[in-house]
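Q: Sequence:
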Amino acid sequence: MRPLEPIGTLLRIVLGISFFVLFVGFWAWLTFSGHVAPLFLANPLKMLADGWDLLVRENFLLDILITVWRVVGGFLLAAVVAVPLGILMGAWKPVEALLEPFVSFARYLPASAFLPLLILWAGTGELEKLLVIFLGSVFQIILMVAVFVGNTRRDLVEAAYTLGAGNTSIVKRVIIPANAPDIAETLRLVLGWAWTYVIVAELIGASSGIGNMIIFSQSKLATGRIIFGIIVIGLIGLVSDTVFKLLNRRLFAWRLA
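Quick note: our numbering has the sequence shown finishing at residue 1206, numbered continuously throughout.
No false leads were slipped in.
Derived pair list, reagent style DSS-like, types lysine-lysine, alpha-carbon separation capped at 30 Å:
hint, residue 1, residue 2
1, Lys1042, Lys1121
2, Lys1121, Lys1194
3, Lys995, Lys1169
Calculated directly from the structure, the hints in this document are not laboratory data. Since the model is a prediction, treat every value here as computed from it, not as a measurement.
Taking the hints into account, I'd like the entire structure generated from these sequences.
A: As structure tokens, then:
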């Protein structure tokens, strides 16, 4: 097996599933053998039973939908603001000189640090949760898009100028198409980060959502429910990531050619 050598799709699927099987097997061994007390870690069967109870008796599906709405809403707000700013920063150096120091500073600030201010400004409703996800995502997207745009192949730009293109046409017809696959990949990565921010947003002042259920279950020492909520988040993230990948491959098939 050589470094960087690709493998077949079937082998990739088998290896990916195998790790999940090994992980669940190790988890089952720890819990059923008594190495870890149920108070600290529920076994897989208990987790499934608690999850079924949440879905059937406590309308957990609504909590899942609410959390998905918060992630998608905050992420889309961040993307609408960040992608144009990132393109401006990458394409025009004066804009980069103006914004890059602040963006680099702000992206290191944890979204959770803004919770007290956001609650003060926006209350504990949906706007506060959307803003947490927005702040956690927007600066990351801006900087990553700016880096990709700033590294656009100069030969493509010079060729467009030679053919008579103006500055606006260069951005529309060269820079954006050339970097569209990388921008889409950036959005896919940051969407995964947005899921970590929504749980932070639901820790305080929330009466619904997956994070609220996890915190409520913690007070009852219901580790089965906590694990089920974590697994649901992971499954939704895995599905959204896979859909994003397939969409990117379809939209930018020429990049793979």
